[in-house]
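Based on the sequences and whatever the hints tell you, model everything.
As a plain string of letters, each chain reads:
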Amino acid sequence: MKKIDQCFGWLLGAWVAAMPVAWAADELPIFDAHVHYSQDAWERMPPKEAIALLRKAGVKRALVSSSNDDGNQKLYAEAPDLILPSLRTYRTRADIGTWFKDEGVAAYLQERLKKYRYVAIGEFHVYGADADAPVARLAVQLAKQHKLFLHAHSDIDAVERIFKQDPDARVLWAHSGFERPEKVREMLRKHKNLWCDLAFRNDHASGGKLDADWRAAFMAFPDRFMVGTDTYTAERWHYVVEHANWSRGWMADLPRDVAERIAYRNGDAIFGNLLKP
Amino acid sequence: MKKSRAWKVLWGGVLTAGVCVSSLIGVTQANEPRVVEFTQAEISRILSHGPWPMSWTPDVTNRVSGNTHAVDLGERLFFDEKLSVKENVSCGTCHIAEYNWTDGVKRNKGQAMVDRNTPTLMNMRHHRWFALDGAADSLWAQSMRPIVDPRELASNAAHVAQYLRRDADLSCRYEKTFGVSPAKQDDEAVLVGVGKVMAAFQETLVTEFTPFDTFRDALARGDRATAALYPREARRGLKIFIGKGNCSTCHTGPMFTNGEFHDIGVSHFIDGDSKKVDGGRHDGIKKLTASKFNLLGPYNDDATRASATKTTHVKPEHRNFGEFKVPSLRNVGYTGPYMHSGEMLSLNDVVRHYSELNVDRLHADGESLLKPLKLTAQESADLVAFLQTLNMDRAPPWRGKEYAHPPCLLGAKSAADAHYAP
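From first to last, the protein sequence lines stand for chains A and B.
When you line the first sequence up against this note's numbering, it's residues 26 to 302, in that order.
When you line the second sequence up against this note's numbering, it's residues 3 to 424, in that order.
Be careful, since some hints might not be right.
Claimed, not checked - For lysine to any residue, the following SDA-like pairs were computed, each having C-alpha atoms within a straight-line distance of at most 25 Å:
#1 108/B to 83/B
#2 246/B to 122/A
#3 99/A to 83/B
#4 373/B to 116/A
Hints in this document: simulated from the structure, not taken from any laboratory.
Take a look at the structure:
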C-alpha cells in the first residue's frame, strides 16, 4: 500500500510539473518580429501615431521593414528604443515578384546599407530556385558582410538554398513558411541558425489553447520562435493591439518561461544588441 | 472559330448538361447576331448561376418563419418609427423598397452616421451569415441589431416591449403570431419576437426574373432563338465574368455570392480617418460569438441545434481583419453605391477597382486569386453590361407603411390573415 501511495505521489508530482501553471499573461511584453511601415502606412499614419499603437499593444521592440525604406527610417527616428530596422528588398511593394533578378534593387540595397544601420535584410519573398537568382544571392552576401539576419518569406527549398550559399547565414523564417509544425521542427533540427516567426497564422492556437503539435515544437525549441503581426496595410496597424492580446492568450497555455521567450526574450536576445556600436 | 463551330461548342455544353436539343438541329443561323463562343466548361458555369428563383424552406431557427401573421406584423414594425426611442427612425428609413431595399447613398444616418453602406435586404432568406461583417448567424438576430444600435434606432428591449404591450392592435397581432401576449413575456423575449417577425417579413423580399435568367434558362432548355436575344456585349461580359475576371469564383451560384467574406483591397479606415478602422469580419465573428442571440443561445427554435453547427466552428483569424461579405449581384444595378463603405459610386468604378487592383493591399498568402484584370475599355463596358442583365426588368416597386388592414381581432379571421404569402 505504501508503495502504491508513493507511486501515486510521484505520478501526481510529475503531472503537476507538466501542467502549465496558471499565470497572468496579460502583462507579457511583446517583441513583434513582423512589422511593415510602407508608403501607404506612413502617408496615412504619421510615425507618432504608429509608435503610439505599438506602445499601446505592449510591444517593447519591433523588427520593422518598409517599402521603400524611408518609412523605416522615419519610424526609427521617432522611437530608436523600440524600432529595429530591417532593410526590405523592395523600393515599392511591386518589386515583390522580381526583386531577386533586378539590378536596380541590388544598387538600392548597397546604397541603403552604406547610409543606415540595420539588424536584418527582409522581409523578402523568394521561393525555390529564385533564391539562387543574382540579387537574392547578393542579399545573402550582404547579410554576411554586414552581419545581418535574413528575414525570408520562403518555402523550404529557398531556405535550403540560402543555407547552401552561406552555411553560417542567420535566417528568420517568416510565417515559418506556412509549413506544418512537424516540418518546422525538422527544419529547426537541421539548421541551428534558423528562427521562426508565427505571423499571419492561426493554426497553432484556437480559443487560447495550443495545438498539440505546435506545443511540441515550442517546447522542443523554446529559443527559436517569435510572434509577429504583419502590418501589410496601413489599417493593419490597428490590429497590433488585437494581435498582441491574442498572442498573450495562447501563450498563457505554455509554461511561463517558454511564453516569455517566445513573446519577447528570443527577439530581444537575437536582435536587441545588433545596433549597438 | 467559325460560327457553325461556335454553335457546336455552345450547344455541346448544353447536351453535356443533359438537355435535349434535337429539335434545334438544322435551325438556320443566317440572321442571328454573331455568337460569343462558350466552351462546355463555360456553359456549365453559366448554368450554375440558376435556376431562379431558388427553392426555399422556412428557417428552422425561427418558429414563425413563413407564418403569414408574422409577415404582416413584421412589415408593420419594419416601417414603424415608434420602435426607436426618439420615434424618428425605422428600419425602412435606410432600407427603401424602390432602392432595392437599400438607400442609394454612401452611408446613412439614424441617430448618428453609421460606418457602412446600407446592404440590400433582397434575397436575405438565402444567406448564411448576415450583415457585412457576419455579426449575426440568423436573419432574426440580425434584425434586432439595428433596433438597439445607438447610431440607428437606438432602442432597447424595454422600450420595444412596452410599445407592443401598450398598442392593442400590435399586441393582438403579436399574440396571433406567437400564441402568447407580449404582456406575458419578458422584455428580451419580446425583442426577439420582433426580430423574428421582421425576419419573416424580409424573407418575402425576393428579386424577380432577370434577362440573364432568360438567357441562362434558354441555354438550359436549348432554346436558341431566345438565347440569341441576350445582348452581345453582355455575352462578352459574361465570358469575362466566368473566365479571365475570375468573378464567378466568389460570386457563385444563383445568388452570385458564396456568402463568405474576403479582402478585396478596399480601404477599411472609417471615413478616411487613420485613427478609426473597420475590422470587418474579424470584429463580426467576435460580436457573433459574444452574442446571446446567436444560434447557440436559448432563442434558437431549432430543437436539433443542427443549424448552430456553423456558429460552433467559426473563430476569428488574422486574415478576417478587413474582410467583408461578398454581396449578391442580383439587382446589383439598383444597389449602388458599392463596397462596404459605399466608396464606389458606380459599377464602372467597381470594375475599374478590379481592373487596376492594388496588390500592395493584399497579403502575399491571402487572396492569391486577385490580380489586376487590366481590362480594356471595351472589356470593362462589356462586364458592366453583363452585370446590368442581373437586374430585374422593373425597378423594385414602392412599399411603405401607408397601407390599410382591418384591425386585428383575436380569434377572428381577417382579410389580413391571408394577405401575404411568404
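- Message: Checking each numbered hint in turn, tell me which of them this model violates, lowest number first.
- Response: Violated hint (a single one): 3; every other hint is consistent with the structure.
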